[in-house]
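**Q** The lines below spell out each chain.
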Amino acid sequence: MAKERQQPEVAIELEGVVKRFGRQLVLRGIDLKVMAGKTTVIVGASGQGKSVVLKHMLGLVRPDRGRVLVFGRDLAKISRKELNALRMNFGVLFQNAALFDSMTVFDNVALPLRERTAKEAEEIREIVKERLALMGLQGSEAKYPAQLSGGMRKRVGLARALVLDPKVVFFDEPTTGLDVHKSNEIYRLFFETQKQLGYTAVIVSHDVPKIFKLSDYVALLAEGKIQGCMSPEEFQLDENPLIRNYVETTMGPIYSSAKEEPGFYETV
Amino acid sequence: MRRLLEKIGDETLYVLETAGRMGLFLLQCLRCVLTPPYKLRAILQQIQFIGVRSIFVIIFTGGFTGMVLGLQGYYTLTKYGSESALGSAVALSLIRELGPVLAALMVIGRAGSAITAEIGIMRNSEQIDALECMAIEPCRYLMAPKFTAAILSLPLLTFIFDVVGIWGGWLVGVKLLGVNEGAYFQWMYDSVDWTDIRMGLVKSLVFGLLLVWISAARGYYLHLEREGGFGAEGVSRTTTRAVVMASVAVLVWDYLISAIML
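So the sequence lines, in the order shown, correspond to chains H and D.
Per our numbering, the very first residue in the first sequence carries number 645; after that it's consecutive.
Per our numbering, the very first residue in the second sequence carries number 2; after that it's consecutive.
Derived by calculation from the structure, the hints in this document are not laboratory data.
From the three backbone atoms N, C-alpha and C, an ideal C-beta is built for every residue, glycine too.
Hints are supplied without guarantee of correctness; some may be wrong.
With a cut-off of at most 27 Å between alpha-carbon atoms, the simulated DSS-like pairs for lysine-lysine come out as follows [stated by the list, open to error]:
(1) H:LYS826 to H:LYS677
(2) H:LYS854 to H:LYS699
(3) H:LYS787 to D:LYS40
(4) D:LYS176 to H:LYS773
(5) D:LYS176 to H:LYS725
(6) H:LYS839 to H:LYS826
(7) H:LYS826 to H:LYS699
(8) H:LYS725 to H:LYS787
(9) H:LYS869 to H:LYS699
(10) H:LYS787 to H:LYS682
(11) H:LYS763 to D:LYS8
Stretches of chain H that chain D covers, calculated by requiring three or more beta carbons in the stretch to come under 8 Å of a beta carbon on chain D [claimed, not checked]:
(12) 740-747
(13) 773-784
Chain D with its partners taken away, still in its complex shape (with noise of 0.2 Å):
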């Protein structure tokens, strides 16, 4: 009994230990990002390794989601003899979820991954603490051009998910299953609002935070994890649930900020 009361707090500590670090380094992350001095420089590296190498993956995975949502809609719309709305049911799933949220997949899987094991290797190798040293703020240096990346790549990325999506529901229902091509546009212009606009951009943007958040944390803090963070073994435990974590995080938060923006 004593020992499960044992387990059970130090179970406990921990959890909250570790928020807590995590929070603090939220705060001290996004304080380096709002704060000068900007490092432009670092920061256009980011974007290219965040934003413009996923641009491949988003626009693949965008283009099969739309015509998959093409396809299974129009069998779906025909049932009740509305496959005109095929626009309106590609456009709204993209823009209110699957474009944020498969985009968000997509970029924590190439770039979430790497951001983790980068930093995590630099822990292990001590080019954290060198920084330290010299006095240079690894939250700074390393930290804020990634956050500022990621936040700002990840709308894009998802409005390119969006765009694509929905040309891929063109092409399967319009050019493929003879939907009317009039009517896919018009049901889609008719009932995608700003509303849905706007979620999908805060989402993306949360998404954005999140993933970086998570994955640099992970990183950063790889030499305090309970089953030992070291060698190569440490890194590709801490990688994979970093990757496991942001993606839970990301489908969390899609439920809540929906329930609170509908």
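So that you can see chain H by itself, here it is in the shape it has in the complex (with noise of 0.2 Å):
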């Protein structure tokens, strides 16, 4: 009998999202499947509906149509109760971090397991620690987040993320507004703890192409559709114009098939 082929399972499938602001149709129909354990990178220009793409996932935006499973479940069917297990198995770094100002480093990060968690407070010391150890952030547990850098608050929105150990973790532009330092770090620590804790990534971001390096599967929002969701290989290499014109536009030519044409080396 010939060994059956593992596939990965689908942690989450958008099909024939529509939505509409106002008189704006930013979502025409997407159709994508985010697979379990890897790392899918959604890119596309600014203003194509990437973060809300990410907001219809974490039941953030109701579909005006089509449907949104998570784990199997449409999130359109399920009671708020429902939606809230659901989202234990989240974690999400927003763009900003979204720290709460009035709470110290400390309790930002110990918020989920002290309300979503009958933890002890003993308890609850020792994992925000070795989380915030994690991200290299010892000493810091008494700062307020107005006191914090960029890549200091965003360290501290991915231990928020990472605390209640989520199967899940979305990232919506984690490195914007960071120098090159500090978005090296950031990558760095999302490698390290999704190889640690081995959850599922999505992320949403316009740092191309760095990104690739750390994805299984990217996909272009582009015209309110997902144009293609592939290997970042593949994606290079595709002949879809939208894909091969966002490769150009952001990588520049050599790195697509435009690099085959002729007389292009002596252009460059």
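Two independent chains are provided; combine them into the complex using the hints.
**A** In structure tokens, the structure reads:
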């Protein structure tokens, strides 16, 4: 008997998702599968609705048409209680970290544990300290978000996102506003924590081509649709004109199939 | 013509949508207020913010309102030779109308605006989304303590306003203008009955609910504001609107409650 090839299971699936804000049709039928245990990166120009796609996956926005399935469950058909139970599997690193200004770093990271688990204060303290140490934030427990640099805020946000050992972690523009050094630090932390905790990652990012190195799948959102979701290598060689155009404008023609054009190297 | 109809339809839909949204928000918040778990520590913090920190402004405005009532009331009543009824006029005006209304307006200005701005900034900086993603209900975590605190604080602040106002009326009427002290308090004692106090209490409870509901809902739905609620300008515009809307709502409901209870 031939050995059956193991396919990664689907963690999140969007089927024909349409979303309109006022008179503006933002999503025109999104079809996307996020594979469990893998890293899927959603790229696209600004204003295409990448964060809106992410918010659909999180159940923060409801589609006008179509379905959003998380672990096989349609978010539109579950109660708030069930949605909250599902969200216990989520961790989110927001674009600006979304830390609570009036709370210390420690309290920010401890919040999900205090509110959503029955853990004792001592146990919570241990977990938070361990997560902060993982992010290299020892000694920052008593600081407030306003006292932190952009990179530190992101690291606190990541510590908070990972504190409940989530199955899926969403990253909304994780390196926006950070310099190269701090961006690399965030990527390193992402790489290490994913290896350690084995979570599924969904990343919305502009940081091309760097982000490709960390991804299993790359999806381009353009003209309100996912133009393709494939491995980074396939993505860079894809013939879809929108994907090719995106690759050329973000990475330069040398990365795309355009490098085959005669006379190209002479003009570079 | 078609454009006009479109505009009217658009406006009607927006108003209905906003009303429905705010109505659902109120129900959600009341459910969280009435059902456990109760966040005692957060409620006490909000009582400190909405109630305790408003005491000074309530004493100040209550005192001067009572003094003005004493002054105006004295000169009006003197025309009819009934200045001894000053205590009754001051007390009834304060307990039935001015106490609950002015106390509510003061708290709207001081705490209501802060609630809208705080929640609006939390919405803009994705802190409310973050709560939802952590499976923490914003209504229970953020709103319920504010609702409980406002509903509890307003009647107490109104009581303080009334007492200080009556004292202000006494200061001007009795001490400055020479109204008989015994007559001032006897007229008050004879004319104020339980129905007046009950009306003041009902008003202050309703106003407490109105001010926190409108202030919190406007901040919570800041991102759905038609003119755009983002940025510092969006927050300031929405805060101003919330203050105006809550103040108008207090005056409208003041009339409605008076009409029902009188």
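**Q** With reference to the structure, classify each hint as holding or not holding.
**A** Hints versus structure:
1. H:LYS826 to H:LYS677: 30 Å, violated
2. H:LYS854 to H:LYS699: 24 Å, holds
3. H:LYS787 to D:LYS40: 25 Å, holds
4. D:LYS176 to H:LYS773: The hint is violated at about 65 Å.
5. D:LYS176 to H:LYS725: At roughly 63 Å apart (the allowed maximum being 27 Å), LYS725 (chain H) and LYS176 (chain D) break the hint.
6. H:LYS839 to H:LYS826: 20 Å, holds
7. H:LYS826 to H:LYS699: 26 Å, holds
8. H:LYS725 to H:LYS787: 34 Å, violated
9. H:LYS869 to H:LYS699: At roughly 16 Å apart (the allowed maximum being 27 Å), LYS699 (chain H) and LYS869 (chain H) satisfy the hint.
10. H:LYS787 to H:LYS682: The hint is violated at about 34 Å.
11. H:LYS763 to D:LYS8: At roughly 55 Å apart (the allowed maximum being 27 Å), LYS8 (chain D) and LYS763 (chain H) break the hint.
12. 740-747: Per the Cβ count (5), the hint holds.
13. 773-784: This one is violated; 0 residues, fewer than the three required, reach chain D with a Cβ under 8 Å.
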